[in-house]
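Protein chains: 4
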Amino acid sequence: MAHNSNVDAATAHRIRVLITGGTFDKEYDEIGGKLFFKDSHLPEMLALGRCKLDLEIRTLMMIDSLEMTEADRDRIVEQCRTAAENRIVITHGTDTMEVTARELAERVEGKTIVLTGAMVPYKFGSSDGLFNLGSALAFVQTLPPAVYVAMNGCYFQAERVHKNRKTGTFEETDTQGR
Amino acid sequence: MAHNSNVDAATAHRIRVLITGGTFDKEYDEIGGKLFFKDSHLPEMLALGRCKLDLEIRTLMMIDSLEMTEADRDRIVEQCRTAAENRIVITHGTDTMEVTARELAERVEGKTIVLTGAMVPYKFGSSDGLFNLGSALAFVQTLPPAVYVAMNGCYFQAERVHKNRKTGTFEETDTQGR
Amino acid sequence: MAHNSNVDAATAHRIRVLITGGTFDKEYDEIGGKLFFKDSHLPEMLALGRCKLDLEIRTLMMIDSLEMTEADRDRIVEQCRTAAENRIVITHGTDTMEVTARELAERVEGKTIVLTGAMVPYKFGSSDGLFNLGSALAFVQTLPPAVYVAMNGCYFQAERVHKNRKTGTFEETDTQGR
Amino acid sequence: MAHNSNVDAATAHRIRVLITGGTFDKEYDEIGGKLFFKDSHLPEMLALGRCKLDLEIRTLMMIDSLEMTEADRDRIVEQCRTAAENRIVITHGTDTMEVTARELAERVEGKTIVLTGAMVPYKFGSSDGLFNLGSALAFVQTLPPAVYVAMNGCYFQAERVHKNRKTGTFEETDTQGR
Chain Y
1447 MAHNSNVDAA TAHRIRVLIT GGTFDKEYDE IGGKLFFKDS HLPEMLALGR
1497 CKLDLEIRTL MMIDSLEMTE ADRDRIVEQC RTAAENRIVI THGTDTMEVT
1547 ARELAERVEG KTIVLTGAMV PYKFGSSDGL FNLGSALAFV QTLPPAVYVA
1597 MNGCYFQAER VHKNRKTGTF EETDTQGR
Chain R
1447 MAHNSNVDAA TAHRIRVLIT GGTFDKEYDE IGGKLFFKDS HLPEMLALGR
1497 CKLDLEIRTL MMIDSLEMTE ADRDRIVEQC RTAAENRIVI THGTDTMEVT
1547 ARELAERVEG KTIVLTGAMV PYKFGSSDGL FNLGSALAFV QTLPPAVYVA
1597 MNGCYFQAER VHKNRKTGTF EETDTQGR
Chain U
1447 MAHNSNVDAA TAHRIRVLIT GGTFDKEYDE IGGKLFFKDS HLPEMLALGR
1497 CKLDLEIRTL MMIDSLEMTE ADRDRIVEQC RTAAENRIVI THGTDTMEVT
1547 ARELAERVEG KTIVLTGAMV PYKFGSSDGL FNLGSALAFV QTLPPAVYVA
1597 MNGCYFQAER VHKNRKTGTF EETDTQGR
Chain A
1447 MAHNSNVDAA TAHRIRVLIT GGTFDKEYDE IGGKLFFKDS HLPEMLALGR
1497 CKLDLEIRTL MMIDSLEMTE ADRDRIVEQC RTAAENRIVI THGTDTMEVT
1547 ARELAERVEG KTIVLTGAMV PYKFGSSDGL FNLGSALAFV QTLPPAVYVA
1597 MNGCYFQAER VHKNRKTGTF EETDTQGR
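Residue numbers (my numbering), protein chains in the order written: chain Y, 1447 to 1624; chain R, 1447 to 1624; chain U, 1447 to 1624; chain A, 1447 to 1624.
Isolated chain Y (complex conformation) (with noise of 0.2 Å):
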């Protein structure tokens, strides 16, 4: 595997990882019967994909998109921009993810930066969490710089995504806007 960096040789390679929750990593509450945060299941599931790349993961908040304030997104700008990496996966609440896309898109500059999340938390059977976790570390490795969604096998410009709230899928804006 062959990546071509600015950054020096120790972190050329290694991919940082930033978790913030979203409903990845839901877990039931069984005495609850309320669906909430604990641990994110992230090491758990690169740990089923037998994934060998050199990561560097942080959880930054374990939150809900929805809840997630404009001091939030300031720190995830922030750990973007001072982190070592020149390439980062961000895990993140589908509700909103594409407006921390943008913002993310115009203050992070020179990076690779691939948000992606999971419409069922992993802990669920059916959930979609470790084949979009596959793909955005592909993504993150291989497109130039710049901030992506990728979800649905796909990924999307920062500037041009959009969820459809009613099928639960990405799509690309259109040049109008939707």
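Source of the hints: derived by calculation from the structure; they are not laboratory data. Honestly, I wouldn't trust all of these hints.
Identical copies look the same in the list; a pair holds intra-copy or inter-copy alike.
Stated by the list, open to error - Mimicking DSS-like on lysine-lysine, the simulated pairs with C-alpha atoms at most 30 Å apart in a straight line are:
#1 Lys1480 x Lys1498
#2 Lys1557 x Lys1612
#3 Lys1484 x Lys1609
#4 Lys1484 x Lys1569
#5 Lys1480 x Lys1557
Based on these hints, arrange chains R, U and A on the given structure of chain Y.
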């Protein structure tokens, strides 16, 4: 999602998927107590991944890659050559994945071909199949024409990859050959 | 399998299964991001268990047991009374399972009735549902006429069971009541 | 839960569980591509079932029941005879479950012994193991002293059961023998 492609509009975005079997698709025969092949789980896996890519899926064979003959490989090469699509994913047993990859690299030109598989059958809870499929479909959209193996979250050039039979993971072959 | 039964030959071995909903049957709505009811998973679970019992399955309602009204309980009682079968399993939410059990114990005579449920939806990988269903169907074949709760591998008399809301497990109520 | 028991108070409610292997506990060896035995999944299954029974678990062997020798069966008989508990569940491969059951029926008296197993390894998503375990633990608490097979939601007397090798289900043997 924007692809540059030399083929005509109808097939410009389409990805061909060729199924050859492998651990990926093995099932447990509860009467005989053995692993066997029935139908491919690929459609089920794509549904789980909420995949919205334009795919043309073809089952070429359903075999263990240790039993793959030269005639089988000729057939795979032929299918890649004659496919209308320029981007092709092949699901394949891991034991001889590198052999088929090298043969394709020598005999097919101008196409991006990605081979992938799984260490554990998809139907087992602990399979890496969904992760690998997600990454293979991402790599095939973004890598330049050549033949690759996508396993363990990584991609490898066909000419420089081998399976480490002790660890069960894929590794880059050094310039001396291993 | 030999059952002693007072009913006629056709229904002597048959077990009635009444579905009322509960965590057992909750699904994840990937568009709304909430848990909801659609169809019962009971047929799927019985197929998984390779169950060969003669069952007569009836869905009475699909509700959270916290929302179960007195009218709903009247209906369950009526169904148990009028059923041709002497052995009845009821799937039920765990939150008010003891309430329904006691009501049935007071109002239905001469039948073996076993209530069961799950702490985690069947569709979650970590569900106790299949284990509980297996035990409930076994208890209903072997216990003398009375009303029971089958949870945590145990069976409890309707008059002397309560759910420990802190641990999420069922316990025998002592003679002073808790 | 009330048990009538002739043993002393400490073991009155306790159930002994003897593990002998069988499909139940088979795993997939991802390096060799074969099914094999490692550790029993029983503790994991009991945790999943939120089982609160007082169990004394002992692994006697981890073998395919087709390879079970007369010496192995002697050992199982001996363990049942000398166990302090009057109620015993044995996990066992399905292929010769009826053979072991009949041997136990001839050689062990005054105890309720229930053999169970699975048609598909627990680690496969489609296993009947958890369902069977739930039913076996229920039957052992409620059936009178004798030896039984618990499969397919049913219980069978050791003397009158056989596995239908075409369908993979257990059936009652008629008075002429099959």
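Now the hints, each set against the structure:
1. In this homomeric assembly, Lys1480 and Lys1498 come within 30 Å of each other (Cα to Cα) only across copies, at 23 Å, whereas the closest approach inside a single copy is 34 Å.
2. Within a single copy, Lys1557 and Lys1612 get their C-alpha atoms no closer than 32 Å, and across copies no closer than 36 Å, so neither meets the 30 Å cut-off.
3. Proximity of Lys1484 and Lys1609 under a CA criterion of 30 Å is satisfied in both settings, with 26 Å inside one chain copy and 24 Å between copies.
4. Both within a single protomer and between protomers do Lys1484 and Lys1569 lie at most 30 Å apart by alpha-carbon distance, with minima of 12 Å and 19 Å respectively.
5. In this assembly of identical chains, the alpha carbons of Lys1480 and Lys1557 never lie at most 30 Å apart, being 38 Å within a copy and 35 Å across copies at closest.
Hint compliance for this structure: hints 2 and 5 are broken, all remaining hints hold.
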